[in-house]
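The whole structure should be built from the sequences, with the hints applied where relevant.
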Amino acid sequence: DTGVSQDPRHKITKRGQNVTFRCDPISEHNRLYWYRQTLGQGPEFLTYFQNEAQLEKSRLLSDRFSAERPKGSFSTLEIQRTEQGDSAMYLCASSLVYSLGRPTNEKLFFGSGTQLSVL
Amino acid sequence: SQQGEEDPQALSIQEGENATMNCSYKTSINNLQWYRQNSGRGLVHLILIRSNEREKHSGRLRVTLDTSKKSSSLLITASRAADTASYFCATDEETSYDKVIFGPGTSLSVIP
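Chains as they are written, first to last, in the working numbering: chain A, 46 to 164; chain B, 8 to 119.
The set of hints was computed from the structure by calculation and includes no laboratory data.
From the three backbone atoms N, C-alpha and C, an ideal C-beta is built for every residue, glycine too.
Be aware that one or more of the hints could be misleading.
If you want the footprint, here are the derived chain A segments under chain B, 3+ residues with CB under 8 Å [to be verified]:
hint, segment
1, 59 to 72
2, 82 to 89
3, 92 to 102
Below, the structure written as structure tokens:
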């Protein structure tokens, strides 16, 4: 399977616990995104990477959220001291961005997501 | 933050009818994409239209882009029950890094 994979698929945790999610993008893709989605809403941008560099983190994201992509391949998203409001589907997507003078996005490939429930 | 706004929020049509969804955005873009999401599933890319294009077709899909009005439309012709899903437009802001952000989506129900 050469698609985007996310692990785990489901995570149930108690409020105050830390959780970490992993995303393995398509191997040749240099851009990786994290989004959060709640029922009936569109994906909300969290952060994204170009290779190993984190380009931007959403201003709406608290300091409890951190993401890494240490070798420009897989990425992890950690949430510290989880709150009930963190319950959502966390989506990862990857793409190949061509740099012909300026970056040009191509289509995103999404994983199946990690469903987080904070009790 | 969300860039695009889809209209309508929900749409219900009979099988065989055409479905039209609209998307408006705020900033200059390089391209606009449409994605589909079945209930409980991940998003699947449908079509991408670049800022210098005005119309694009893919099977039963037709997308238009009007950069002067900062708007796009997605037309699904001869709809099928299997087209029932949520549809999202996504734009990449014309900034130095071109992040892709999504609108709130249109929920389409196609009644057999």
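Hints, verified against the model:
1. For the segment 59 to 72 of chain A, the stated coverage by chain B is violated: 0 residues have a C-beta nearer than 8 Å to a C-beta of that chain, whereas at least 3 were required.
2. Counting residues of the segment 82 to 89 of chain A whose beta-carbon sits less than 8 Å from any beta-carbon of chain B gives 5, enough to reach three: the coverage restraint holds.
3. Proximity of the segment 92 to 102 of chain A to chain B, defined as three or more residues with a beta carbon under 8 Å from a beta carbon of that chain, is established by the 4 residues found.
In terms of the numbered hints stated before, the structure departs from hint 1 and from no other.
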